[in-house]
Amino acid sequence: MSDNVNFYVQIPTTLSVLSLSNLPDGTGNQDGCPSGSFGIKISIRYQVKDQAGGLIQTDKMEPQETVKNEVLNGTSLGDPVPTFTDIGPSRITGTSQFTDSGGQFLDAPYGNCQPFAISSYTFTQVIRVLASNQNPYVLKTNNVTLTGTTGGTGTISNGGDVQSSRP
Amino acid sequence: MKSHVVILLALILFAGIVGVSQTTSDLQKKYGPPDSEGRYIVRPGIGLIATVDDAGTMRDITIGPISSNPKSAAQPAEKPTVMKAEVAETILSEVLPVSKRGRYKGTGNAEFGCTSVDHMEYEKVVISIRNRCAEQGGGTYSMNIHWKG
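Just so you know, the protein sequences line up as chains A and B, in that order.
Heads up, the first sequence is in my numbering, so the first residue is 1 and it goes up one at a time.
Heads up, the second sequence is in my numbering, so the first residue is 1 and it goes up one at a time.
Any given hint could be a false lead.
Unchecked claim - SDA-like, lysine to any residue: derived pairs with alpha carbons at most 25 Å apart: (1) B:K148 <-> A:R91; (2) B:K148 <-> A:D25; (3) B:K105 <-> A:G78; (4) B:K148 <-> A:P82; (5) B:K124 <-> A:A117; (6) B:K105 <-> A:K49; (7) A:K68 <-> B:K100; (8) A:K68 <-> B:R59; (9) B:K124 <-> A:S76; (10) B:K105 <-> A:T149; (11) B:K105 <-> A:G26; (12) B:K148 <-> A:Y8; (13) A:K60 <-> B:K124; (14) B:K148 <-> A:N29; (15) A:K49 <-> B:G138; (16) B:K84 <-> A:T149; (17) B:K148 <-> A:S119; (18) B:K124 <-> A:N69; (19) B:K148 <-> A:K49; (20) A:K49 <-> A:S157; (21) B:K84 <-> A:R91; (22) A:K49 <-> B:T24; (23) B:K100 <-> A:K49; (24) A:K68 <-> B:D53; (25) A:K68 <-> B:M58; (26) B:K100 <-> A:T75; (27) B:K148 <-> A:G74; (28) B:K105 <-> A:D25; (29) B:K100 <-> A:L77.
Treat the hints as calculated values from the structure; they're not laboratory data.
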């Protein structure tokens with residue numbers, strides 16, 4: 001007879017996009033871009049998954065991000081979020097410091113609005129979670145391109161699971 | 001008399017040209033010599049880093065709180081520090097008054113969760129102000145002045 005017991009330890013490994021929506025036009029607290037402006041702001045709901053693709057259903061993970069290499073219309077503007085910083089809570093309802101009990105979280109607002117045309121706006125976002133033991137796990141890198149060539153319109157893409165356009 | 005007027009006009013023109021460009025000696029006059037890390041201390045706990053090109057022309061100025069821990073020693077849970085928004089605004093006007101920025105073109109805004117960046121575009125510079133949202137305590141993480149061209 002053996003006393004050995006095998007435990008399955010879930011390691012935060014990837015993020016999957018559950019849903020994505022445009023924030024409405026306007027200047028209110030829950031809005032995205034002002035009417036007529038160039039660009040787009042969105043809201044992304046993520047699910048944290050383990051090394052086998054299973055859901056990690058705990059509200060003890062703290063999503064954080066860095067955002068670097070910001071370039072607007074050919075002008076390099078540096079690193080908007082150079083060190084890991086909590087994604088939530090933000091001004092958008094539903095965002096929070098920690099994941100919900102299902103291991104999901106909302107990343108919002110997310111994007112850029114300008115008073116002039118955006119031929120190209122690019123940045124690199126790295127998302128990680130801090131587990132309850134404070135160990136950090138990097139889950140996703142988004143290399144994002146955003147455009148807004150005419151007033152009231154915009155597109156955003158990471159070349160994969162984050163894609164949206166306005167209107 | 002005529003030659004005096006010409007000299008006076010030349011001096012005014014020269015003063016105007018010097019006035020529009022920020023230099024490291026301007027910064028030294030205002031804030032004293034840089035510290036051992038190359039930062040000008042603009043307020044207690046707030047540093048300014050200036051980047052000049054090979055010709056000595058100012059390209060970028062970044063202003064922000066001086067971290068109590070160097071990056072390599074920072075713990076994963078450590079939160080970045082901020083300046084009070086009104087202090088940041090005062091420093092920005094001090095370092096580069098509105099009159100030296102050229103024509104104002106407009107302000108855009110990028111947001112990444114709780115971090116927002118106001119991009120204020122002027123004829124000569126782009127000023128980026130990184131702010132923390134009110135939901136996490138507010139304040140300004142840093143400001144960057146980028147000279148165009």
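These are the hints, each one checked on the structure:
1. B:K148 <-> A:R91: At roughly 32 Å apart (the allowed maximum being 25 Å), R91 of chain A and K148 of chain B break the hint.
2. B:K148 <-> A:D25: Given that 25 Å is the threshold and the Cα spacing comes to 31 Å, the pair is violated.
3. B:K105 <-> A:G78: holds, 20 Å
4. B:K148 <-> A:P82: holds, 22 Å
5. B:K124 <-> A:A117: Holds. K124 of chain B to A117 of chain A sits at ~18 Å (cutoff 25 Å).
6. B:K105 <-> A:K49: With a Cα-Cα distance of about 45 Å, the restraint between K105 of chain B and K49 of chain A is violated, given a limit of 25 Å.
7. A:K68 <-> B:K100: violated, 28 Å
8. A:K68 <-> B:R59: Between K68 of chain A and R59 of chain B the Cα gap is close to 19 Å, so the pair holds against 25 Å.
9. B:K124 <-> A:S76: holds, 15 Å
10. B:K105 <-> A:T149: holds, 17 Å
11. B:K105 <-> A:G26: holds, 21 Å
12. B:K148 <-> A:Y8: Violated, because 55 Å separates the two Cα atoms, which is more than 25 Å.
13. A:K60 <-> B:K124: Violated - the C-alpha atoms of K124 of chain B and K60 of chain A are around 47 Å apart, more than 25 Å.
14. B:K148 <-> A:N29: violated, 32 Å
15. A:K49 <-> B:G138: violated, 31 Å
16. B:K84 <-> A:T149: The given pair, whose Cα atoms are some 35 Å apart, is violated under the 25 Å limit.
17. B:K148 <-> A:S119: Cα-Cα ~17 Å, so holds.
18. B:K124 <-> A:N69: holds, 21 Å
19. B:K148 <-> A:K49: violated, 44 Å
20. A:K49 <-> A:S157: holds, 22 Å
21. B:K84 <-> A:R91: holds, 19 Å
22. A:K49 <-> B:T24: Not satisfied, since the Cα-Cα distance of roughly 50 Å exceeds 25 Å.
23. B:K100 <-> A:K49: Answer violated: K100 of chain B to K49 of chain A is near 51 Å, above 25 Å.
24. A:K68 <-> B:D53: Since the Cα atoms of K68 of chain A and D53 of chain B sit roughly 22 Å apart, the hinted pair holds (cutoff 25 Å).
25. A:K68 <-> B:M58: holds, 22 Å
26. B:K100 <-> A:T75: At roughly 20 Å apart (the allowed maximum being 25 Å), T75 of chain A and K100 of chain B satisfy the hint.
27. B:K148 <-> A:G74: Satisfied, since the Cα-Cα distance of roughly 11 Å is no more than 25 Å.
28. B:K105 <-> A:D25: Between K105 of chain B and D25 of chain A the Cα gap is close to 22 Å, so the pair holds against 25 Å.
29. B:K100 <-> A:L77: Holds: K100 of chain B and L77 of chain A sit about 20 Å apart, inside 25 Å.
Checked against the numbered hints given earlier, the structure breaks hints 1, 2, 6, 7, 12, 13, 14, 15, 16, 19, 22 and 23 and satisfies all the rest.
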